[in-house]
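Just so you know, the protein sequences line up as chains A and B, in that order.
If you read the first sequence in the numbering used here, its first letter stands for residue 78, the second for the next number, and so on.
If you read the second sequence in the numbering used here, its first letter stands for residue 25, the second for the next number, and so on.
None of these hints come from the bench; they were simulated from the model.
It cannot be assumed that every hint is accurate.
Claimed, not checked - Stretch by stretch, here's where chain B covers chain A in the computed footprint (C-beta under 8 Å, at least three residues):
#1 104-110
#2 114-126
#3 136-150
#4 312-324
Claimed, not checked - Below, a sample of chain B positions facing chain A; criterion: calculated Cβ distance under 10 Å:
#5 TYR35
#6 VAL89
#7 TYR111
#8 ILE131
In this text, a Cβ means the ideal position worked out from N, Cα and C, and glycines have one as well.
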Amino acid sequence: MASSRDDFVIAIRSAFLKKSTKQKFSLLSLVFLSIFIIILSGINFSPINKIKNLINEIVYRSSFVVSIPENLIINSYLKIKAYSNFYNNYKANKIELENLKSEEISSKIIISENKELKNLIEDYTLSSDKILAKVIVDHKSPFLKTIIINKGSSQKIKIGTNIFDKKYLVGRVIEVNYKSSRILLLSDLNSSVPISITPGNVQAIVIGNGNNLGEIRYIKDNLIEEIKDKSIAYTSGAGSIFKSGIPVGTVSKTENKFLINFYSDFQQLKYVFVEIEKKGTENQVDIKNDNVNVKSISNTEMIKLDLLNDQIKILDETNQRFIKENQILKSKTNEQNDKIYDLQQKVDIQAEKTEQNIADEEELDFLKLNLLYSSKCQRSTFKTGYKVGTPEYRKCILRRGKKSND
Amino acid sequence: MIRFEKRNFIYKFYTWLPITVLYISVLNEFDFNYLNIDYFSFNFPFILIFYFALKEYNKFDYLLVFIAGLINDTVVGLPMGLSSLSYILVCIFASYLRNITIRPHLIKDLFYFLFVISLINSINYSVLFLFFSYDLNILFYIINNLFTFLFYIPATIFLNYYHQAIND
């Protein structure tokens, strides 16, 4: 018994403390070092954070370089796949583009109106610059849904900065280094976004399910019925973490849950937009500088001008549409008139024929009666009558025919 | 069997290959996630570290393994030191198994490996959940554990060829 315990202790000691020929550190010292680092990173010890940022910079770049061959193979496969669907996609995109063009004009007007109204209530306005950032590391880890981009604090990115793919929300910055940042995607289990769902204007929170979808939680039971399949979810702006009105995804109903299908495909992110915001109130602007005030006035004038220009554009478009419709209607009217003229001619011909027929019938009747009563109406040496061929003779024949019929 | 002239550059590269592969795998997070198979993932560094720590391969420096752990934490976004601790624990358990084993057997190693990775993943999950308030799906960990366990045998067969070649 004692010898087996001794063996165990010897094996443990050997495993922990023995340094092999090439080992510089014992495993026990490395275990303590790991625990020490975990504790320091847990309490946000600033020198450790700085060292971490430095390591991050080096590792992210190295990771990007190491991932090049693998990414090349994946991208080639995706390109081939994309080419095979190229024509169908092109047709679908063309239709979508036409629809979006018309929608864009109306949304521009809404944005301008919104800005103007915000100015009226002296609310702060957010002027934002969007900068393009490249995704340098995206390992699609099943545990944590994060990506690394090549922009950092040098481009004024802060923790919490909103990240977009086109105009759709992708996530927010959770770690900033000098030249790189880590983005927590909406699909991560740790991500929660306050949203509004239309129609119904239902307020809720969407939490990532770790599997490229979101799950709606924290919603009142009496509001559940107001949420419909394919309803649109956009950020509500509650909590001031995300801006309001950013499209997030569409709702899909399952048996027990409401899921969000995000508009953006997080697996295909190559470039993203980083929104850097500058916040300021109208009052501050007035006090600081008159020139700025003039600028703001000119800005509102510009907005109004833009608004008017947009309206003119819309009117032009509708006018053109009406002109086209008029032309089509004119050509149709001409066609109809031609048809009417043709039919009129046909009617005239038919009328003439009918008249001719009536005349022929009358003549035929006269000739029949003439055979019967010519002797009675004709003038002769012993009898008074009418000369053959005169109207009186004709009248006499017809009168006699009538009498006989009666 | 492949034979090398020692002091040759290719031989040197070949001897440092395990640690190079370890660094590539932590930098690249080599786990076929891009295949987008639901829940499919495995921890290749665990297999590599366990195998070479068990074989007491002299070019497999524990300090380098420790640094690989730090890099993995940075790439994945975990708190610094957590993967290092996991990797070093794998080394310790492998080292213990080596010390107590007289006649190594693949199946025994395999089930011991399952116990080790289960324990380490549990520690990881507990530390992240309790001390760092990370919200994690335990199902991912269980499936990752299972696939890592299943991949151990093919990986061992493949790595045995390498080990034999380097020892000859």
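Hints, one by one, checked against the model:
With a cut-off of 8 Å between beta carbons, the segment 104-110 of chain A has 4 residues touching chain B; three or more are needed, and the interface restraint holds. Counting residues of the segment 114-126 of chain A whose C-beta lies closer than 8 Å to any C-beta of chain B gives 6; at least three are required, and the coverage claim holds. Figure legend: the segment 136-150 of chain A, annotated as covered by chain B; annotation consistent (7 residues with Cβ-Cβ distances under 8 Å, at least 3 required). With 0 residues having a beta carbon nearer than 8 Å to a beta carbon of chain B, the segment 312-324 of chain A misses the requirement of three or more and the stated coverage is violated.
Below 10 Å, beta-carbon pairs count as interface contacts, and TYR35 of chain B has none with chain A, the closest being about 16 Å; its hint is therefore violated. Hint on VAL89 of chain B holds. Least Cβ distance to chain A is approximately 8 Å, under the 10 Å limit. Here the hint on TYR111 of chain B is kept, as its CB sits about 9 Å from the closest CB of chain A, short of 10 Å. A cut of 10 Å between beta carbons decides the hint on ILE131 of chain B: the least distance to chain A is about 21 Å, and the hint is violated.
Hint compliance for this structure: hints 4, 5, 8 are not met, and every other hint is.
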